[in-house]
Every structure is written in structure tokens, then in C-alpha cells.
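So you can see what is in the structure, the chains are spelled out below.
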Amino acid sequence: MEPLAPHEKLFVDSEIAEDEYHGELGCEECHGGDPDEPDWRKAHAGVVKDPSYPDPSESCGICHEEIAEGYHNSLHIRLAPFELVIAKRTNPDETVAASVRKAREDHCRSCHSGCGQCHISRPEAVEGGLLEGHLFQRRPPMQLVCTACHGSRIEKEYFGKNEGLKPDVHKEKYFKCGKCHTAGEMHGDGRDYANRYAVSNGPKCLDCHGAIYEPKFKNARNHWIHRDQISCQVCHSQRYKNCYACHLGKDQQGFTYFKTQKSELNFKIGRNPLRTELRPEKFVTLRHAPVDHRSFDVYVKDGLSNFDALPTWKLATPHNIRRQTPQNRTCNACHGNEALFLLQKDVKETYREANRPVIVTREMIPKKRPDDP
Amino acid sequence: MKQRAIRIAVVLFLSAGLFFLLLPAKSRILSFQTQNQCFACHTNARMLIKITREIAAENKDQPSATIASEGEG
Numbered sequence: 001m002e003p004l005a006p007h008e009k010l011f012v013d014s015e016i017a018e019d020e021y022h023g024e025l026g027c028e029e030c031h032g033g034d035p036d037e038p039d040w041r042k043a044h045a046g047v048v049k050d051p052s053y054p055d056p057s058e059s060c061g062i063c064h065e066e067i068a069e070g071y072h073n074s075l076h077i078r079l080a081p082f083e084l085v086i087a088k089r090t091n092p093d094e095t096v097a098a099s100v101r102k103a104r105e106d107h108c109r110s111c112h113s114g115c116g117q118c119h120i121s122r123p124e125a126v127e128g129g130l131l132e133g134h135l136f137q138r139r140p141p142m143q144l145v146c147t148a149c150h151g152s153r154i155e156k157e158y159f160g161k162n163e164g165l166k167p168d169v170h171k172e173k174y175f176k177c178g179k180c181h182t183a184g185e186m187h188g189d190g191r192d193y194a195n196r197y198a199v200s201n202g203p204k205c206l207d208c209h210g211a212i213y214e215p216k217f218k219n220a221r222n223h224w225i226h227r228d229q230i231s232c233q234v235c236h237s238q239r240y241k242n243c244y245a246c247h248l249g250k251d252q253q254g255f256t257y258f259k260t261q262k263s264e265l266n267f268k269i270g271r272n273p274l275r276t277e278l279r280p281e282k283f284v285t286l287r288h289a290p291v292d293h294r295s296f297d298v299y300v301k302d303g304l305s306n307f308d309a310l311p312t313w314k315l316a317t318p319h320n321i322r323r324q325t326p327q328n329r330t331c332n333a334c335h336g337n338e339a340l341f342l343l344q345k346d347v348k349e350t351y352r353e354a355n356r357p358v359i360v361t362r363e364m365i366p367k368k369r370p371d372d373p
Numbered sequence: 374m375k376q377r378a379i380r381i382a383v384v385l386f387l388s389a390g391l392f393f394l395l396l397p398a399k400s401r402i403l404s405f406q407t408q409n410q411c412f413a414c415h416t417n418a419r420m421l422i423k424i425t426r427e428i429a430a431e432n433k434d435q436p437s438a439t440i441a442s443e444g445e446g
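So the protein sequences, as listed, match chains A and B. Going left to right, the first sequence walks through residues 1 to 373 as the working numbering numbers them. Going left to right, the second sequence walks through residues 374 to 446 as the working numbering numbers them.
Next up, chain A with everything else stripped away, as it sits in the complex:
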């Protein structure tokens, strides 16, 4: 996404004075600074650019108290999955672990979002800039906020920007992110979730598509046969993006950077690494996370000495859903089709031990049905 020009990032629409709630507040009440000082340099002494991060209690939280209560455990703030997943792979030596934590803070924490970076400005991770001249956005604009960060995978999948692939059917029905990902899910309910799949009010296909199991539904039989065996995406998603071997670094000016070795579109069904009551399916679509044994080497050698503690192929819910896909055209488009499954041969030797829990053996692949074309 093209960043805004510097003055565009700061321009405030005078219409904000007409906002019956926020327009009553003086700028300095949230941002600090001196509103009476005509010299802009002096006026900006002590100014807080984003008063909602990391603690919104003295800004948004004054009125939006209930929402602010769950704020600190919201995945967009806490980034719990980064912390937990990296910690699990980290070398137990405390000195080494401290360097890994530093690397995580330097690199991963920049991808957070607070109240302001969804409802008032573009996220800082994409260079910020006020949305609509600081007019408060009840529903954050999808392409300036949500997919500004969730761009390389979700945006390209959802909008059909990956070559040869169609957009998500929900996009064609004009669904914005918020249609499935509700404010309650985004703001957090105060519980400290390990990952987005555990969030109790996260989206579930069945919230809308509950009728698929009803006898009168055209494909009810097929849905019953596969119920709790495979995730919806196994039949209904298209190929999706997988990235490999991300390495972090700092350039000569001290700016953090990353380099991913390769990205490719493919589709892999594997064993569910996060099987829970919410996600009981045996087989799910898996996406490769760009982690590598040596991702943090620039900070500390052997930082991820427990690399094999977790698979590098993760549970995924690609956002390119279609009713008809190559793998659900017929039974045998999937049954007996080894190319769709994550087999040992698909996994680089150095990643095999880590991925043992998700790799599918040939015996697990459903046999071809003789009665199917």
C-alpha cells in the first residue's frame, strides 16, 4: 500500500469539531502538548502520537471502559502467539533466551495495533497516517487497516490477487472483514488466548452455514460424512501462500529488516496440530510459517535450539473460499490424490522432525472410491 505524503498523514478534517462526543475534547486532552503555543516546535513538547497504545485507560478507555478492559489480552495488542511459539522453540539457556526475546521485541512487536491504529489512523507498521482526517471510524476501513497489515496472505487470497486464483466468494458478496471478525473478537474478551483459533467468539463457518447438515440441503450427506474429519477449508479453499526461512537483521542505520527465502502458492492437507473442541477435525489445511532454525542468528547463535518443539506447517484457514474447488469436484479429486497431502517428501529434511505431528503417511490418505469417476 502506498504510504501517504507527510502532510496527508497529519491533516485533520475540521468536521471533527462537529463530532458530538470526540469533538468536545481538546486535542491536548488525549495527545498532550500545548494548544496555546503558536510555535509548533514548542507546542509539540510532550505530545503523544498514539495515546491509545500501550495503555488506553487515560484516553479511549475513559469512555469506552468495557472495551478497554479486554484490551491488554487482545491478540492485536498482546501478540501472544508470537511470544508463546517463539518461547517454545527458544534455547533454555537464559542468556541466549534473553537475546531471542530482544529480537522478538525489536522485530515482532512493531506489528501491533491499538484502538487508534484501527479507528483513527492506518497502522504504524505501514507508516501510519490519519484516516479521514482524524474522523473516528466506527468500522475500520478494510483495505487501509486490516489488509494493510494482513496483506501478503489474506489480502491477496481474499481479493483474488494471486495469479490464476479467484477471490473469496465472500468478497464477491461484498463482505468486509468485520462481517465475520466481530468487534468483540478484535477487542478481546479479557481472556489470554494462545492463538486466534482458540478465541471463543472468533468466526465459525457454521455461524452462517448451519444448514449444511439439514436433510434438505443439497450436499448434506457429504457434509455429514466429513463432519469433524476435515476442516471446511480442506474442501473449499484454493491454493494459498506459503513462505519459508525468514531471517532477521538490522541495517547500518539500525533499522530492522527481514528476508524471506521464498514464497510459493500451494495447498497442503495435514494432521490438525491444534485439535480442540472448537477445532475437532483430524485433517486441516496447513500453511508454512516462515520460521527457520537460524531466523534469529544475527542476534544470537543457536537461539532456537528447541526448533523441533513445534511444526513449521501450521493450522491455516485460507481466505479464498469457493463453493467449487479443484479438490471437491469429485470424490477422487481428493481421495487417493497424494499431491494434496503433506507427505514426508514435501518437507525439507531439516524440518522433518518438527513436522512429524502434522505429516500425513500414505496409509492415512483416503483410498480412491471405485464408484467415483
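Quick caveat, the hints were computed from the structure, so don't treat them as lab data. One thing to keep in mind: the hints can contain errors.
Listed next, the in silico SDA-like pairs over lysine to any residue satisfying Cα-Cα at most 25 Å (straight line) [stated by the list, open to error]:
1. K348/A - E443/B
2. K348/A - T260/A
3. K301/A - S442/B
Assemble the complex: chain A is given as a structure, and chain B must be docked to it using the hints.
Then chain B, alone, in the frame of chain A:
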């Protein structure tokens, strides 16, 4: 006579209420602009362009972001 005075008072009271209710937002904006330097500057594109150019000129030798990142993040 007394009734007339009451009627006039009611009309005046309602008119005043209506005036305050419909007080044009423009006047609030104007008062913000004159009283609040933040508002006066940040709603003025010309002023912002001038200041951001000044800042850019002061920082022209300092890179603002890395160019070393490669691949999809």
C-alpha cells in the same frame, strides 16, 4: 395584558432554545480555529505542507526506513 406578556416570554424562551440547539457547527469550528493552535495548524493543508517540508529538509540525510527487507512479510 398579562397573558400577552407570558406569550411573548414563552416565544422568546423557545426562540433562544432553538438558537442554541441549531447553533451552527461552523461557529464551533471557527472558535476552535481561533483558540486552539493544534486545530488551526492541523486543519490547514498549506501550513502542514510547509512544516513537513521544513522537517524533511532538516532530516534529509537521515533515512526513515530500511530498504534491506526482501520477500513477503
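Hints versus structure:
1. K348/A - E443/B: The hint holds at about 22 Å.
2. K348/A - T260/A: holds, 16 Å
3. K301/A - S442/B: holds, 21 Å
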